Amino acid sequence: MNRALRELLAYPSAVAGLGIIVLLLAMSVYAVATIPYHEAIRLWRGGEALWADNPRNASPVWVNLLPGRDLPHTIVVRSGQALSIEKPIGGGVRQFSMSLGFDYPYRKFPKELAVFLDPEFTDRAPNVSLFWRPPDGTEIRLTELTVRRSDVYRISSDVRLQQELGGRPEAVLLGDPNAPEQPLRGRHELLIRGYLFEEGSRVEPKLIVYGEVHGLAGTDHQRRDLIIPLLWGAPIAMAFGLLAAVGSTLSSVAIAAIGVWYGRWVDGLIQRITEVNLILPTLPILIMIGTLYSRSIWVILGVVVLLGIFGSGIKTFRALFLQVKEAPYIEAARAYGVSNLRAVFQYMIPRAVPVLVPQFVTFIPAFVFLEASLAVLGLGDPVLPTWGKVIEDAHSRGALFTGQYYWVLEPAVLLMLSGLGFTMLGFALDRVFNPRLREVS
Amino acid sequence: MAHVIAIPKPRARAAPGALVRVLTYTATRLVALFLTVVVGVYLTIIVANMGGYVDVIKKAAIREQVGFQTFFDPAMRRLPVEQRQARIEELIRIEEQTLGLDRPFLLRTVVYLQDALTLRLGFAERMTSDTGSRLVKNVILDRLPSTLLLFATSQLFLFFISVIWALSLSRRYGSFMDKLVVGLAPTSAPPAWFYGIFLILIFSAVLRVLPFGGMVQAPPPESKLAYALSVMRHMILPMSALFLSTIFLAVYSWRTFFLIFSSEDYVEVAKAKGLSSGAIERRYILRPTLPTIVTTFALGLIGAWTGAIVLETVFNWPGLGRALFQAVGLFDTPVIVGSTIIFAYLLAITVFVLDIVYVLIDPRVKVGFEGRA
Numbered sequence: 001m002n003r004a005l006r007e008l009l010a011y012p013s014a015v016a017g018l019g020i021i022v023l024l025l026a027m028s029v030y031a032v033a034t035i036p037y038h039e040a041i042r043l044w045r046g047g048e049a050l051w052a053d054n055p056r057n058a059s060p061v062w063v064n065l066l067p068g069r070d071l072p073h074t075i076v077v078r079s080g081q082a083l084s085i086e087k088p089i090g091g092g093v094r095q096f097s098m099s100l101g102f103d104y105p106y107r108k109f110p111k112e113l114a115v116f117l118d119p120e121f122t123d124r125a126p127n128v129s130l131f132w133r134p135p136d137g138t139e140i141r142l143t144e145l146t147v148r149r150s151d152v153y154r155i156s157s158d159v160r161l162q163q164e165l166g167g168r169p170e171a172v173l174l175g176d177p178n179a180p181e182q183p184l185r186g187r188h189e190l191l192i193r194g195y196l197f198e199e200g201s202r203v204e205p206k207l208i209v210y211g212e213v214h215g216l217a218g219t220d221h222q223r224r225d226l227i228i229p230l231l232w233g234a235p236i237a238m239a240f241g242l243l244a245a246v247g248s249t250l251s252s253v254a255i256a257a258i259g260v261w262y263g264r265w266v267d268g269l270i271q272r273i274t275e276v277n278l279i280l281p282t283l284p285i286l287i288m289i290g291t292l293y294s295r296s297i298w299v300i301l302g303v304v305v306l307l308g309i310f311g312s313g314i315k316t317f318r319a320l321f322l323q324v325k326e327a328p329y330i331e332a333a334r335a336y337g338v339s340n341l342r343a344v345f346q347y348m349i350p351r352a353v354p355v356l357v358p359q360f361v362t363f364i365p366a367f368v369f370l371e372a373s374l375a376v377l378g379l380g381d382p383v384l385p386t387w388g389k390v391i392e393d394a395h396s397r398g399a400l401f402t403g404q405y406y407w408v409l410e411p412a413v414l415l416m417l418s419g420l421g422f423t424m425l426g427f428a429l430d431r432v433f434n435p436r437l438r439e440v441s
Numbered sequence: 442m443a444h445v446i447a448i449p450k451p452r453a454r455a456a457p458g459a460l461v462r463v464l465t466y467t468a469t470r471l472v473a474l475f476l477t478v479v480v481g482v483y484l485t486i487i488v489a490n491m492g493g494y495v496d497v498i499k500k501a502a503i504r505e506q507v508g509f510q511t512f513f514d515p516a517m518r519r520l521p522v523e524q525r526q527a528r529i530e531e532l533i534r535i536e537e538q539t540l541g542l543d544r545p546f547l548l549r550t551v552v553y554l555q556d557a558l559t560l561r562l563g564f565a566e567r568m569t570s571d572t573g574s575r576l577v578k579n580v581i582l583d584r585l586p587s588t589l590l591l592f593a594t595s596q597l598f599l600f601f602i603s604v605i606w607a608l609s610l611s612r613r614y615g616s617f618m619d620k621l622v623v624g625l626a627p628t629s630a631p632p633a634w635f636y637g638i639f640l641i642l643i644f645s646a647v648l649r650v651l652p653f654g655g656m657v658q659a660p661p662p663e664s665k666l667a668y669a670l671s672v673m674r675h676m677i678l679p680m681s682a683l684f685l686s687t688i689f690l691a692v693y694s695w696r697t698f699f700l701i702f703s704s705e706d707y708v709e710v711a712k713a714k715g716l717s718s719g720a721i722e723r724r725y726i727l728r729p730t731l732p733t734i735v736t737t738f739a740l741g742l743i744g745a746w747t748g749a750i751v752l753e754t755v756f757n758w759p760g761l762g763r764a765l766f767q768a769v770g771l772f773d774t775p776v777i778v779g780s781t782i783i784f785a786y787l788l789a790i791t792v793f794v795l796d797i798v799y800v801l802i803d804p805r806v807k808v809g810f811e812g813r814a
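Going line by line, the protein sequences match chains A and B.
In this text, residue positions in the first sequence follow the numbering used here: the first is 1, and each later residue adds one.
In this text, residue positions in the second sequence follow the numbering used here: the first is 442, and each later residue adds one.
Keep in mind that the hints were calculated from the coordinates and are not lab data.
Being a predicted model, the structure only gives us computed values, none of them experimental.
Take the hints with a grain of salt, since some may be wrong.
[Said to hold, decoys possible] For the chain A half of the interface with chain B, some residues (derived, Cβ under 8 Å), not all of them: (1) Ile285; (2) Thr291; (3) Met416; (4) Met424.
[Unchecked claim] Derived list of chain A stretches under chain B, where covered just means 3 residues or more per stretch with a C-beta under 8 Å from a C-beta of chain B: (5) 367-378; (6) 399-412.
C-beta: ideal position from N, C-alpha, C; glycine also.
Let's have the full structure, built from the sequences with the hints guiding it.
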């Protein structure tokens with residue numbers, strides 16, 4: 001075994017492949033350790049409120065490392081940071097004024113502006129007016145509203161305001177009056193003035209100046225942080241690929257060995273089933289299962305293993321076992337009356353290991369990509385965050401048209417890495433275990 | 442794949458009744474292949490009907506549709522409630538009868554199987570061909586040319602390029618080019634659609650030189666030449682994707698295969714005799730490997746039948762793969778079954794023809810039964 005390992009490490013591609021696999025495994029462990037399974041699903045499927053603070057379709061932070069890029073980050077100003085003045089004006093009514101200020105240091109405009117208002121009252125809802133104060137001290141009136149429930153006022157999508165200002169609100173409000181295509185740097189303020197009609201009534205505002213970049217991975221069309229599916233895609237892909245490969249190769253080997261050992265009709269039956277399976281359209285059947293029964297990744301995994309058992313691998317193993325069966329040591333075992341079970345599992349199957357191991361490693365990416373293929377067809381698991389689902393989201397939202405390349409590239413690169421890693425290792429293993437190939441390559 | 446290279450029996454016993462032997466073998470082989478097709482297609486029918494659950498979906502759809510129609514029908518509204526109800530039930534019954542839903546499911550699967558095996562593909566339930574026909578035959582024939590155009594051409598190119606390239610590499614093994622191909626072989630792990638996405642990103646999104654997808658520009662050009670040119674332009678990316686995802690592994694495997702054969706003793710003898718390398722290749726390397734080459738070629742070609750569902754989806758290519766995917770989404774069982782049966786027949790015929798071709802091209806293969814049979 002040691003010798004085999006040393007031989008293996010002599011192949012640079014094997015070392016590279018192993019490196020990639022270790023990296024992916026480390027990523028998987030990290031993902032599972034830092035974000036528990038249920039937390040991951042919650043962060044991926046939990047609902048708007050969880051990711052309301054994230055900008056929509058934001059690039060990852062590292063794009064700012066590219067020359068000439070200086071995209072703004074998101075700025076969140078909470079009411080805790082606000083300067084607040086309250087003044088009773090009789091009849092239990094209080095007039096209040098708050099200022100949510102922030103320094104805007106970027107050279108590009110933010111993506112969006114939004115104010116989240118969270119009121120507290122029993123009967124009469126607070127009434128507020130919103131104003132914008134750029135660094136030059138002028139005041140621009142935005143809107144006036146009665147805050148009946150927790151609500152968002154999206155400054156950027158207020159059509160009336162846009163007409164009044166004569167341009168995109170975030171560009172006019174933050175813009176330099178002398179150079180309208182540039183934001184005015186310095187302290188901008190959102191002023192909230194209004195009336196509270198009850199004793200314990202309050203309004204909690206939160207201003208979000210959405211940037212163009214977010215986190216290490218960026219966000220998608222629903223404002224979800226892509227780091228969740230990118231991280232969690234690793235353990236899911238590994239588990240799916242590994243289980244499918246183990247399930248189908250091991251059972252193929254066992255069935256091929258049993259067929260050869262018993263021969264006659266058992267062998268014939270297995271061969272016929274394999275031929276039938278060859279006619280069955282694998283991907284369409286998976287698509288049917290996905291459309292008609294269940295899209296759960298574990299159901300799909302089960303079907304993949306079932307269809308894979310009687311795959312073309314059985315023919316390879318059968319040819320191998322036919323030779324093994326004639327070997328003298330098997331004859332000897334027969335002579336002293338070995339049990340069938342022992343013969344199959346202890347004398348025959350171990351001989352297939354040199355073929356089995358490389359094949360098994362090379363199979364893993366095939367299943368990883370199969371999961372991604374199903375996801376790209378819109379048949380991915382409905383709850384789990386996977387790489388394939390990210391590609392599907394990106395592809396169906398036309399990320400390539402709109403230039404959000406990070407959205408496609410990040411999961412694609414990870415998929416590519418896992419594909420290359422396992423295949424490189426598998427090919428090298430093949431050459432180490434099967435010297436016939438090594439002689440000539 | 443599914444080929445059996447029969448092991449010859451001792452010559453002495455083979456001589457009498459050679460014709461009988463050939464005929465028995467051919468007949469058994471045909472029966473076995475046909476049974477395989479029957480079982481495979483029957484399983485597909487069961488799965489495509491969800492073991493009968495598609496019936497429930499269809500019945501519910503009929504009920505909803507009939508209810509909807511009668512609701513907006515003034516004549517029906519005037520009828521008293523009971524009469525109207527009876528009328529609705531009758532309409533539902535008629536509709537179910539036309540679709541055959543009134544007969545038990547298992548019985549119908551047998552009818553479906555019969556129809557499929559005799560290639561009476563019938564009518565699609567929801568899909569139509571471009572000309573508006575609902576015949577499954579037309580739905581399939583409509584999509585066939587575009588799939589054939591893309592996949593058969595790619596397969597042809599891929600096959601010849603990889604075999605010729607591999608042959609030349611096997612002669613110069615250990616050279617830089619050889620090592621490069623061996624090193625690049627793992628790039629065949631991702632499927633074609635995956636490379637498709639990268640290619641779209643580079644050539645359509647960033648460089649803006651090639652179309653994102655589709656088969657021809659919209660509106661289609663008037664003149665035939667411009668039309669052909671436009672189709673070719675649309676073919677570049679999907680074909681390159683297919684190429685990238687297979688070529689290096691194919692060359693690598695062929696090269697290893699040829700190398701194994703070129704280390705045979707008779708090749709050494711031929712070299713010693715001083716034959717030219719071209720002659721050695723033709724007579725001593727290509728000749729014995731011909732069965733494998735032909736098998737790969739034939740199976741690759743019929744593999745084009747199902748196209749590549751995901752690749753066609755990514756490139757929006759109007760081929761059979763996409764049609765099959767749409768059919769599944771629409772629960773259009775006749776189209777699914779129709780496509781499968783044709784594939785099954787193609788595969789069975791190919792396997793059978795290959796068995797005969799082996800005997801013709803490889804004198805070592807003798808018709809007969811395997812070892813113990």
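The hints, checked one at a time:
1. Using the Cβ-Cβ criterion of 8 Å, the hint placing Ile285 of chain A at the interface with chain B is satisfied: the shortest such distance is roughly 6 Å.
2. Residue-level restraint check for Thr291 of chain A holds (minimum Cβ-Cβ distance to chain B is 5 Å; threshold 8 Å).
3. At a threshold of 8 Å, the smallest CB-CB gap from Met416 of chain A to chain B is about 6 Å, leaving the interface hint in force.
4. With a cut of 8 Å, the hint placing Met424 of chain A at the interface with chain B holds, because the nearest CB-to-CB distance is about 5 Å.
5. Three residues within the 8 Å Cβ limit are the bar, and the stretch 367-378 of chain A against chain B gives 5, so the coverage statement holds.
6. Check on the stretch 399-412 of chain A: 7 of its residues sit with their Cβ under 8 Å from a Cβ of chain B, so the three-residue criterion for coverage holds.
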